[in-house]
Amino acid sequence: MKSHRKELWFEVPSRRAFLNITSQVEQALAESGVTEGLCLVNAMHITASVFVNDDEPGLHQDYDHWLERLAPHEPINQYRHNLTGEDNGDAHLKRQVMGRGVVVAITDGRLDFGPWEQIFYGEFDGRRRKRVLVKIIGE
Amino acid sequence: MKSHRKELWFEVPSRRAFLNITSQVEQALAESGVTEGLCLVNAMHITASVFVNDDEPGLHQDYDHWLERLAPHEPINQYRHNLTGEDNGDAHLKRQVMGRGVVVAITDGRLDFGPWEQIFYGEFDGRRRKRVLVKIIGE
Amino acid sequence: MKSHRKELWFEVPSRRAFLNITSQVEQALAESGVTEGLCLVNAMHITASVFVNDDEPGLHQDYDHWLERLAPHEPINQYRHNLTGEDNGDAHLKRQVMGRGVVVAITDGRLDFGPWEQIFYGEFDGRRRKRVLVKIIGE
Numbered sequence: 062m063k064s065h066r067k068e069l070w071f072e073v074p075s076r077r078a079f080l081n082i083t084s085q086v087e088q089a090l091a092e093s094g095v096t097e098g099l100c101l102v103n104a105m106h107i108t109a110s111v112f113v114n115d116d117e118p119g120l121h122q123d124y125d126h127w128l129e130r131l132a133p134h135e136p137i138n139q140y141r142h143n144l145t146g147e148d149n150g151d152a153h154l155k156r157q158v159m160g161r162g163v164v165v166a167i168t169d170g171r172l173d174f175g176p177w178e179q180i181f182y183g184e185f186d187g188r189r190r191k192r193v194l195v196k197i198i199g200e
Numbered sequence: 062m063k064s065h066r067k068e069l070w071f072e073v074p075s076r077r078a079f080l081n082i083t084s085q086v087e088q089a090l091a092e093s094g095v096t097e098g099l100c101l102v103n104a105m106h107i108t109a110s111v112f113v114n115d116d117e118p119g120l121h122q123d124y125d126h127w128l129e130r131l132a133p134h135e136p137i138n139q140y141r142h143n144l145t146g147e148d149n150g151d152a153h154l155k156r157q158v159m160g161r162g163v164v165v166a167i168t169d170g171r172l173d174f175g176p177w178e179q180i181f182y183g184e185f186d187g188r189r190r191k192r193v194l195v196k197i198i199g200e
Numbered sequence: 062m063k064s065h066r067k068e069l070w071f072e073v074p075s076r077r078a079f080l081n082i083t084s085q086v087e088q089a090l091a092e093s094g095v096t097e098g099l100c101l102v103n104a105m106h107i108t109a110s111v112f113v114n115d116d117e118p119g120l121h122q123d124y125d126h127w128l129e130r131l132a133p134h135e136p137i138n139q140y141r142h143n144l145t146g147e148d149n150g151d152a153h154l155k156r157q158v159m160g161r162g163v164v165v166a167i168t169d170g171r172l173d174f175g176p177w178e179q180i181f182y183g184e185f186d187g188r189r190r191k192r193v194l195v196k197i198i199g200e
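Chains as they are written, first to last, in my numbering: chain L, 62 to 200; chain H, 62 to 200; chain Y, 62 to 200.
Calculated from the structure, these hints are not laboratory results. Note that beta-carbon positions come from the ideal geometry of N, C-alpha and C, so glycine has one too. Hints are supplied without guarantee of correctness; some may be wrong.
Some chain L residues judged to face chain Y by a derived CB distance under 7 Å, without partners named [to be verified]:
no.	residue
1	S64
2	R66
3	M105
4	I107
5	H142
6	G150
7	H153
8	L154
9	R161
10	V164
11	L194
Here are the simulated DMTMM-like cross-link-like pairs (lysine to aspartate or glutamate), alpha carbons at most 25 Å apart as the crow flies [stated by the list, open to error]:
no.	chain 1	residue 1	chain 2	residue 2
12	Y	K63	L	E200
13	L	K63	Y	D169
14	L	K67	Y	E97
15	Y	K67	H	D115
Per the computed footprint, the stretches of chain Y lying under chain H, defined by three or more beta-carbons under 8 Å from a beta-carbon of chain H, are [as the list claims (entries may be wrong)]:
no.	region
16	93–106
17	137–143
18	147–156
19	160–167
20	188–196
Whole structure, please, built from the sequences with the hints as guidance.
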């Protein structure tokens, strides 16, 4: 069994954003030499997500508005977590809706995707350096 | 390490439905010859889900009503994604709540489930042929 | 390839609670002898979750209030599932928001976590014995 580990670093200049990280995960897969296996991609921070969906800017705006409706950033004092001095209580909730990470199949040395699947980093508390973990196992 | 890949195809006649696909995943497992490992089952389309829950029709109605409350299909023009000509903006949101897929343990050649766990395909934009991927790795 | 399986049992005295189970998963990992691989941790019951987030009591109160807003326990009769005689319709919905389980990378014999990542059992229909599955594969 082979395994490969890589960290991807991001510093998003805004509080929230969605970044297409598919090509960076494909690069990690190429480095691994794995042709059959599984690829785990997860946020290493608890106010961010990694998920699979469509690379369509209108959809990303829809996600942002919808998550703000489900778990609004303001008022800050609606979240007990923010009594710790943080202002990111909403980000911990938004991250649960979008998920911590994804597991993607590897077949014939490629990410085994349907036609529109792309991997995104979802940032909900940006403006600092944060990491995504790629862990690949297989043969 | 062994690996096995199988696609399951579905054409749901309605916009939304939940299908129990457990026996089809068990069939793929039997074909794989894997007795210890992991089984990834994921929608290959971004307006559908694969998830584990209970095979109880009332619960599935509850899910449908609840998802419609969280992310209503209409009015269509509430979603920027639908400016592309699609009418499935809501389906991309519903899919995030229910998840892209599941990873199930394989033990002694069987899906290692609790007493009520069953695998479902959740369709949120049906009436066309769509796929689920089963990828099994192990020994 | 090595594999290891362990069940963790819990009996939460209240309807809902969040339990930090990180050290129990680390114990299972130590027993496995695996140093590179993947660790699946999932609820074996369909009214409970396993997820990764922060060990901060205020945040856990925020999760509980938020989930009650998204899928209230009462009135019981708002859920068709409860026509079966159950009163846990809400728990099946809450569990989907928080997720069935997580896959965690194993690197150098340890759970490969960011600085604040901890694993939680989320109980939404407690007051009885329920199980979490830990399945580890790797080398």
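To see whether the hints hold, each was checked on the structure:
1. S64: 4 Å, holds
2. R66: Interface hint status for R66/L: holds (6 Å vs cutoff 7 Å).
3. M105: 3 Å, holds
4. I107: With a closest approach of 5 Å, the I107/L hint holds.
5. H142: Since the shortest Cβ distance to chain Y is 4 Å, the answer is holds.
6. G150: Holds: closest Cβ of chain Y sits about 6 Å from G150/L, inside 7 Å.
7. H153: Holds: closest Cβ of chain Y sits about 6 Å from H153/L, inside 7 Å.
8. L154: 6 Å, holds
9. R161: 5 Å, holds
10. V164: 5 Å, holds
11. L194: Hint on L194/L: holds, closest Cβ of chain Y at ~6 Å, below 7 Å.
12. K63/Y / E200/L: Distance ~14 Å between K63/Y and E200/L Cα, so the pair holds.
13. K63/L / D169/Y: 14 Å, holds
14. K67/L / E97/Y: The hint holds at about 13 Å.
15. K67/Y / D115/H: 23 Å, holds
16. 93–106: Three-residue rule met by the region 93–106 of chain Y, so holds; n is 6.
17. 137–143: Holds, because 4 residues of the region 137–143 of chain Y bring their Cβ atoms closer than 8 Å to Cβ atoms of chain H.
18. 147–156: holds (count 4)
19. 160–167: The restraint on the region 160–167 of chain Y holds, since 4 of its residues have a Cβ under 8 Å from chain H and three suffice.
20. 188–196: Holds: 3 residues of the region 188–196 of chain Y have a Cβ under 8 Å from chain H.
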